[in-house]
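Novice: From first to last, the protein sequence lines stand for chains A and B.
Quick note on numbering: the working numbering labels position 159 of the first sequence as 159, and the sequence is numbered without any gaps.
Quick note on numbering: the working numbering labels position 197 of the second sequence as 197, and the sequence is numbered without any gaps.
Think of the hints as simulated: they come from the structure by calculation, not from any bench.
Note that this is a predicted model, so its numbers are computed, not measured.
Label-pair restraints from in silico Cβ distances:
(1) A:41 / B:60: 36 to 44 Å
(2) B:100 / A:40: 25 to 33 Å
(3) B:109 / A:29: 47 to 55 Å
(4) A:340 / B:119: 48 to 56 Å
(5) B:260 / A:287: 16 to 24 Å
(6) A:253 / B:181: 49 to 57 Å
(7) A:40 / B:32: 45 to 53 Å
(8) A:137 / B:113: 55 to 63 Å
(9) A:278 / B:286: 29 to 37 Å
(10) A:340 / B:20: 31 to 39 Å
Calculated Cβ distances over 12 Å to all of chain B for the following chain A residues:
(11) 54
(12) 64
(13) 88
(14) 135
(15) 207
(16) 223
(17) 225
(18) 270
(19) 272
(20) 319
Incomplete in silico selection of chain A near chain B, CB under 7 Å:
(21) 25
(22) 26
(23) 45
(24) 48
(25) 49
(26) 257
(27) 259
All residues carry an ideal CB built from backbone N, CA and C; glycine is no exception.
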Amino acid sequence: MTSSPLRVGIVGGGRMGMVHGSLLRTFSDAAVAAFAEPNTQLHGQTRSQGFDCPIVTSVDEMVRQVGVDAVFICTPNSTHRPILESCIESGVHVFVEKPLADDLPNAERMVDLVRDRQIAHAVGYVYGYLPVFLRIRELLDQGVLGTLHRGRAHCYMSEVFASRTGWYYDRRQSGGGVLPNLGSHLLYLVGMYFGDVREVQAKIQSQFSSVDDAAFALLTFASGVTVSVDVSWSMPGSQMLDLGITIEGERGILVGSKEELLLYRHEAGAGFPQGWNRVHLSDLDAHVDFDISPHIGGEGFYLQARDFIDACRTGARPRSSFYEALNVQRMIHGMYQSAATGAPTTFA
Amino acid sequence: MQELLLTIKPAEAYNYSSRAERLRWIMAYRDRGRLIALVEEARSLGASELVAVVSPELRELIGIVRAHGSLRIAPVVPNMFAFIRDLTEFGMAGAGLKRVRSMRPRDLTLFGMWATTRVRGILQRDFTVGALLLLRMELAALRKIGLDGLYIHPQLTEIALATSHREFFERCLGEIETAFGVRPGLITNNPVRARALAAEWHLDIPRIVMPFNAKGYKMFPDPHRCEELLAHHRDTSVATEITADHTLAPEAAVDYLAAHGVRSAALDIREVPAFFKAFGPRALTQSAPARTSGP
Numbered sequence: 001m002t003s004s005p006l007r008v009g010i011v012g013g014g015r016m017g018m019v020h021g022s023l024l025r026t027f028s029d030a031a032v033a034a035f036a037e038p039n040t041q042l043h044g045q046t047r048s049q050g051f052d053c054p055i056v057t058s059v060d061e062m063v064r065q066v067g068v069d070a071v072f073i074c075t076p077n078s079t080h081r082p083i084l085e086s087c088i089e090s091g092v093h094v095f096v097e098k099p100l101a102d103d104l105p106n107a108e109r110m111v112d113l114v115r116d117r118q119i120a121h122a123v124g125y126v127y128g129y130l131p132v133f134l135r136i137r138e139l140l141d142q143g144v145l146g147t148l149h150r151g152r153a154h155c156y157m158s159e160v161f162a163s164r165t166g167w168y169y170d171r172r173q174s175g176g177g178v179l180p181n182l183g184s185h186l187l188y189l190v191g192m193y194f195g196d197v198r199e200v201q202a203k204i205q206s207q208f209s210s211v212d213d214a215a216f217a218l219l220t221f222a223s224g225v226t227v228s229v230d231v232s233w234s235m236p237g238s239q240m241l242d243l244g245i246t247i248e249g250e251r252g253i254l255v256g257s258k259e260e261l262l263l264y265r266h267e268a269g270a271g272f273p274q275g276w277n278r279v280h281l282s283d284l285d286a287h288v289d290f291d292i293s294p295h296i297g298g299e300g301f302y303l304q305a306r307d308f309i310d311a312c313r314t315g316a317r318p319r320s321s322f323y324e325a326l327n328v329q330r331m332i333h334g335m336y337q338s339a340a341t342g343a344p345t346t347f348a
Numbered sequence: 001m002q003e004l005l006l007t008i009k010p011a012e013a014y015n016y017s018s019r020a021e022r023l024r025w026i027m028a029y030r031d032r033g034r035l036i037a038l039v040e041e042a043r044s045l046g047a048s049e050l051v052a053v054v055s056p057e058l059r060e061l062i063g064i065v066r067a068h069g070s071l072r073i074a075p076v077v078p079n080m081f082a083f084i085r086d087l088t089e090f091g092m093a094g095a096g097l098k099r100v101r102s103m104r105p106r107d108l109t110l111f112g113m114w115a116t117t118r119v120r121g122i123l124q125r126d127f128t129v130g131a132l133l134l135l136r137m138e139l140a141a142l143r144k145i146g147l148d149g150l151y152i153h154p155q156l157t158e159i160a161l162a163t164s165h166r167e168f169f170e171r172c173l174g175e176i177e178t179a180f181g182v183r184p185g186l187i188t189n190n191p192v193r194a195r196a197l198a199a200e201w202h203l204d205i206p207r208i209v210m211p212f213n214a215k216g217y218k219m220f221p222d223p224h225r226c227e228e229l230l231a232h233h234r235d236t237s238v239a240t241e242i243t244a245d246h247t248l249a250p251e252a253a254v255d256y257l258a259a260h261g262v263r264s265a266a267l268d269i270r271e272v273p274a275f276f277k278a279f280g281p282r283a284l285t286q287s288a289p290a291r292t293s294g295p
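Chain A on its own, in the form it takes in the complex:
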């Protein structure tokens, strides 16, 4: 293990580039070595946020001339694959802001690019690092619910109630609407708990914008478990992401949100008495040195960055690697395809 800080390059001077870049400034074993942003009008903005590192216009310049150990790709979804292709041969570790790509073929190509290489790769599914959702995963691994039977999950936000502009709402750049944007967070959690998707049946609606504003799906996983998923960014009442999941199993039911999990056990066991049990975020240990975003779950951002930096140093696989992200991309692809054809989409 080297003792010098990991030199990180941030690709993209937009909001997520700033969030990740700012957070990385609080780590003693990582340093923001450069920004790459093709729009030179944003260079002054980046510098004014307190970054005194080189700001260049291309990833190639950042990787080959400035020199970095890792890159954070925080650009529109359709650019993720070409950016990865431009820097992968340099052997840099790669963090991609979610989703992995704008469509499934590009995501598969990106997984092929990193496979068998000695690099760390991760995708920014930050909610998967929130302590309550991590605890749910631990409890499922411990068999607290026994065999899983079915699940229900939702993800709502009040964001789109009229036609919008910007790359989020341009399918050519984003690959879709609420599904890749907010829905992918929920789909990552569903994949984290239920595994690889095998069949998808979905309905999609575009009430306000030119992309999908809401979606409902039934997902069937390799284990045979079926999970219903309800996603909308046009749901009044939720300035903060309202995200929840219910999992039913042979030994009980688990209801999870960002703040707490409620566990009902049919019988005492696995360290829990019979009946309802509550585990709140405040009951969980989270080794977090800096909370970059108190309202949105800053613990998740910190733990996610910690996981990636550690992976760069140790060779361990980050929790939200490209492989897990590919499963999400399959779900998104399956939902679009099923909605278009009216038939289930299946995966081998």
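With chain A fixed as given, assemble chain B onto it according to the hints.
Specialist: Coordinates of chain B only, in the frame set by chain A:
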């Protein structure tokens, strides 16, 4: 405890453990009488200052509280989530125009004079100038309500703390104090870093509102360091999240504050019913607020 603050933000801006709870509070906010009753209950518990993220739905409540003079008013500015939403809906110019339209002619003139001297920074989207622009627009619109205190929105504060942005803090605190007569405090989940940087920069921060509770909830980087910090800065620290997201009973929350000699604490509007039920109209503070009639 010597001082109790009442904090409030738009109902939609909270995190909730269930959708049913979210909708219950959204509906409670629509009932002006219910909100005023909660403010009155908080006042009877000793609250002397209303710390509010200002939104259209809360502006009326703030106006009523101000008109009655029962609590000091300390807004949290800018309302970052409203701004980000406007930014995606209307763009930078549209979001700015929306705020300019809420200003009175005199404030608009003063703001225009200030902005013309910062054109370069505005065009270059300078972080500090942009923050000051937002702060000035929102504060100008609030001038008619009157300011007794002021806090910078935590989302801005945390980003600037992460990058150790000295210029941001020096200019925001200094320029806002000069223009509006009130030096802003900070609300942060990273008080240890905030205090360290303030000491390094010799920066006077009148108040830092920080999570402080018996469960260590949101006390970063760890509860022990936050306890040490508060012990060294009792007069300028305000404890918040005192029930650890409603998981501590009011009595336990207050006992912890007393054990650590906390002088100022903040009670969120959603915590008021449980505290009023536990303590009734007895003030939690050592000296009750001066006024005795409610709004």
